[in-house]
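Engineer: The lines below spell out each chain.
2 protein chains.
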Amino acid sequence: MAEGANAVEAALSGGTVYELFVTERAAAQHAGLLDAAREAGVAVSPITDRAADGLSETVTPQGIVAVCALLDRPLEEAVTPAAKLVVVLVDVADPGNAGTVIRVADAAGADAVVLAGDTVDPHNGKCVRAAAGSLFHLPIARVRDVPAALAACSAAGLRTFAAHGYADAELDRVDLAAPTAWVFGNEAHGLPPDVLDRTDLAIRIPLYGRAESLNLATAAAVCVYTSAMAARR
Amino acid sequence: MAEGANAVEAALSGGTVYELFVTERAAAQHAGLLDAAREAGVAVSPITDRAADGLSETVTPQGIVAVCALLDRPLEEAVTPAAKLVVVLVDVADPGNAGTVIRVADAAGADAVVLAGDTVDPHNGKCVRAAAGSLFHLPIARVRDVPAALAACSAAGLRTFAAHGYADAELDRVDLAAPTAWVFGNEAHGLPPDVLDRTDLAIRIPLYGRAESLNLATAAAVCVYTSAMAARR
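Chains A and B, in that order, are what the protein sequence lines are. Per our numbering, the first sequence starts with residue 38, numbered consecutively. Per our numbering, the second sequence starts with residue 38, numbered consecutively.
Hints should not be assumed to be uniformly reliable.
Treat identical chains as interchangeable: a pair holds within one or across any two.
[To be verified] Pairs of lysine to aspartate or glutamate, EDC-like flavour, derived with a Cα cap of 20 Å:
(1) K163 to E224
(2) K163 to D109
(3) K163 to D131
(4) K121 to D231
(5) K163 to E249
Just so you know, these hints were derived from the structure itself, not from any lab.
Please take these sequences and the hints and turn them into a complete structure.
Structural biologist: This is the structure in structure tokens:
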């Protein structure tokens with residue numbers, strides 16, 4: 038379910054929407070969206086405020102919810118030889134973090150996001166909200182098998198870079214212009230040694246102050262954007 | 038109040054701690070911290086698990102809480118002519134965002150963070166937790182008067198750069214090596230026009246994909262780290 042006007046708009050433009058539910062008030066506010074939905078052949082059904090509360094996972098429902106097709110694509114469709122930038126999440130536990138990183142990947146022009154290992158379900162409502170529509174903007178693949186995800190990136194011609202707090206190589210010293218897959222690990226535990234071993238290079242973000250680390254979403258933003266800007270320099 | 042072993046450790050090393058409260062279990066787990074506190078002349082008081090629950094703002098209290106001095110410093114002590122990188126938050130509403138940006142600023146080696154206008158109180162528990170100790174690592178100033186905050190940065194020899202989604206200048210095209218104060222606005226509304234007018238340059242993060250924006254914390258991470266790395270190149 039995509040909830041709120043922004044998410045519904047993104048779902049209509051990038052995904053498959055089965056049905057749209059709107060309250061009377063939301064219908065008046067978002068007439069353009071409703072027209073777009075009807076033009077796309079999507080059924081639009083009125084609901085009461087109380088029903089909207091029931092469908093919503095948020096405290097202040099916007100009164101507009103789309104029921105969408107599942108989002109994930111096969112790995113080989115998401116990661117192709119045309120890809121220049123891919124983000125791989127390994128065992129990421131927090132849906133808000135996963136959604137935020139998907140939004141960052143989209144903003145940075147990534148070609149795909151691969152949710153590998155035990156990473157959270159991208160259909161989780163918190164992930165959908167944190168992604169702010171980006172779930173519908175780029176292909177998302179889900180793969181249990183982490184080595185298979187990394188192998189697919191290598192086969193597509195991408196270097197695999199592991200973000201790792203104790204790596205020798207520093208982000209500002211590495212050539213980031215070539216096609217890259219960034220690999221990020223669990224919030225608490227990082228990447229397991231066997232995954233680190235399978236990547237081409239482990240890289241750390243230099244810590245110039247006294248903080249011991251960055252959180253996952255800000256670390257991913259720094260790594261992915263530094264690559265995206267370097268590739269266009 | 039600094040809650041949890043990491044925050045207490047940071048408070049002991051960087052701030053003024055009045056008293057430390059620990060449960061029996063936490064005392065056994067963190068004997069080294071308790072020794073450090075006693076050596077620093079801090080009173081250590083045992084509390085029950087139930088009292089720890091009462092003091093805690095989290096669902097799973099760690100059983101160790103420090104009562105600390107208020108953190109903020111006068112603007113002129115925080116922003117000095119020696120400063121090379123300063124982060125200014127204007128009207129930032131979410132304490133988790135403020136704390137995350139303070140952690141990013143610390144990691145990037147910033148000299149100070151200025152919380153200007155209606156920005157949240159850094160002593161808010163969510164801010165303290167998101168900052169993960171960084172509140173004690175660099176000076177934090179609180180200033181109602183936003184023009185005064187910007188004037189102090191200019192007087193200290195910093196260029197003031199406003200992060201703004203509709204700016205003409207793109208982050209990857211600007212020379213970021215000189216001393217800089219980055220200015221970030223409210224999560225929903227961004228920076229007001231009169232604040233934009235008072236900064237030297239408005240800069241946007243290039244959006245290479247289809248996302249319409251980044252959230253505050255990830256945008257700040259990209260801007261502040263791009264500056265920090267450029268200054269050391």
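Engineer: Quick one: K163 to E249, C-alpha cut-off 20 Å, is that within a copy, between copies, both, or neither?
Structural biologist: between (27 Å within a copy, 19 Å between copies)
Engineer: From the Cα coordinates, with 20 Å as the cut-off, is the pair K163 and D109 best called within, between, both, or neither?
Structural biologist: For K163 and D109, the Cα distance is within 20 Å only inside one copy (17 Å; across copies 33 Å).
Engineer: Pop the pair K163 and D131 into one bin, within, between, both or neither, using alpha-carbon distances up to 20 Å.
Structural biologist: both (9 Å within a copy, 17 Å between copies)
Engineer: For the identical chains here, do K121 and D231 meet the 20 Å Cα criterion within one copy, between copies, both, or neither?
Structural biologist: neither (25 Å within a copy, 40 Å between copies)
Engineer: Give the relationship of K163 and E224 under a CA distance limit of 20 Å: within one copy only, between copies only, both, or neither.
Structural biologist: both (16 Å within a copy, 18 Å between copies)
Hint compliance for this structure: hint 4 is the single one not met.
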